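Chains A and B, in that order, are what the protein sequence lines are. Everything in the first sequence is counted per the working numbering, starting at 1 for the first residue and increasing by one. Everything in the second sequence is counted per the working numbering, starting at 1 for the first residue and increasing by one.
A portion of the hints provided could be inaccurate.
In silico SDA-like cross-links for lysine to any residue, where the CA-CA straight-line distance does not exceed 25 angstroms [said to hold, decoys possible]:
id, chain 1, residue 1, chain 2, residue 2
1, A, Lys57, B, Gly58
2, A, Lys59, B, Leu114
3, A, Lys63, B, Val113
4, A, Lys3, A, Lys17
5, A, Lys59, B, Gly58
6, A, Lys71, B, Ala98
7, A, Lys106, B, Gly16
8, A, Lys57, B, Val113
9, A, Lys106, B, Val113
10, A, Lys63, B, Arg57
11, A, Lys3, B, Gly58
Covered stretches of chain A (in silico footprint by chain B; criterion: 3 or more residues with CB under 8 angstroms from a CB of chain B, positions within the stretch not fixed) [said to hold, decoys possible]:
id, region
12, 21-27
13, 41-55
These aren't lab readings, by the way, just hints derived from the structure by calculation. Keep in mind it's a predicted model, so treat the numbers as computed, not measured. Backbone N, C-alpha and C define an ideal beta-carbon position, used for all residues, glycine too.
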Amino acid sequence: SQKIEQNSEALNIQEGKTATLTCNYTNYSPAYLQWYRQDPGRGPVFLLLIRENEKEKRKERLKVTFDTTLKQSLFHITASQPADSATYLCALAGYGGSQGNLIFGKGTKLSVKP
Amino acid sequence: DAGVTQSPTHLIKTRGQQVTLRCSPKSGHDTVSWYQQALGQGPQFIFQYYEEEERQRGNFPDRFSGHQFPNYSSELNVNALLLGDSALYLCASSFGRALYNEQFFGPGTRLTVL
Numbered sequence: 001s002q003k004i005e006q007n008s009e010a011l012n013i014q015e016g017k018t019a020t021l022t023c024n025y026t027n028y029s030p031a032y033l034q035w036y037r038q039d040p041g042r043g044p045v046f047l048l049l050i051r052e053n054e055k056e057k058r059k060e061r062l063k064v065t066f067d068t069t070l071k072q073s074l075f076h077i078t079a080s081q082p083a084d085s086a087t088y089l090c091a092l093a094g095y096g097g098s099q100g101n102l103i104f105g106k107g108t109k110l111s112v113k114p
Numbered sequence: 001d002a003g004v005t006q007s008p009t010h011l012i013k014t015r016g017q018q019v020t021l022r023c024s025p026k027s028g029h030d031t032v033s034w035y036q037q038a039l040g041q042g043p044q045f046i047f048q049y050y051e052e053e054e055r056q057r058g059n060f061p062d063r064f065s066g067h068q069f070p071n072y073s074s075e076l077n078v079n080a081l082l083l084g085d086s087a088l089y090l091c092a093s094s095f096g097r098a099l100y101n102e103q104f105f106g107p108g109t110r111l112t113v114l
């Protein structure tokens, strides 16, 4: 069955450092991979989408890579700030019949300490 | 411009009861998807509505049903509630069914089943 793993449940880093979160998947060939941010008690907020034929995408301090050979995506936040503290979710989406179906990982809780 | 709104915010029910949750999509959006998020887990896809019809369904029993109205708002109904139905129920809207379209999530409805 399809499986998504996010590297760890929690990641603690110092302000100013780069946070790197990992999303691995098995038994799936996604057309798109998305990253979301979720704050406690709130719904997820879309951050970035990357297509299977794209290797890297950037948005301000965020960078996402997508390696379909390794079946892995890396999500980087450079110059991290305490305000970046949240849970980050990766989500996969396929073609055709699964158009409406986003498959989410459990998320990684990022804490940025001042 | 209001984003995705959901009601109620919180709900407490007992086993065997029925519940209806409501969602109004972001202005201009025509597609609504529903997700269930248990504590410490990522959201799980329940179903998607487009043009007032259920288009995709996740691995949820028939106790979970929905509806989309002509104004694109949507309802999620759960019958014969079980303790395991306790979760945060999220609604997401987008323009069109394609998953490269950004999904906008509402704040969710926290359902507790006693």
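Structure-based check of each hint:
{"no.": "1", "hint": "A:Lys57 with B:Gly58", "verdict": "violated, 29 angstroms"}
{"no.": "2", "hint": "A:Lys59 with B:Leu114", "verdict": "violated, 44 angstroms"}
{"no.": "3", "hint": "A:Lys63 with B:Val113", "verdict": "violated, 40 angstroms"}
{"no.": "4", "hint": "A:Lys3 with A:Lys17", "verdict": "violated, 30 angstroms"}
{"no.": "5", "hint": "A:Lys59 with B:Gly58", "verdict": "violated, 31 angstroms"}
{"no.": "6", "hint": "A:Lys71 with B:Ala98", "verdict": "holds, 22 angstroms"}
{"no.": "7", "hint": "A:Lys106 with B:Gly16", "verdict": "violated, 29 angstroms"}
{"no.": "8", "hint": "A:Lys57 with B:Val113", "verdict": "violated, 42 angstroms"}
{"no.": "9", "hint": "A:Lys106 with B:Val113", "verdict": "holds, 22 angstroms"}
{"no.": "10", "hint": "A:Lys63 with B:Arg57", "verdict": "violated, 32 angstroms"}
{"no.": "11", "hint": "A:Lys3 with B:Gly58", "verdict": "holds, 15 angstroms"}
{"no.": "12", "hint": "21-27", "verdict": "violated (count 0)"}
{"no.": "13", "hint": "41-55", "verdict": "holds (count 8)"}
Violation of the numbered hints given earlier is confined to hints 1, 2, 3, 4, 5, 7, 8, 10, 12; the remaining hints are satisfied by the structure.
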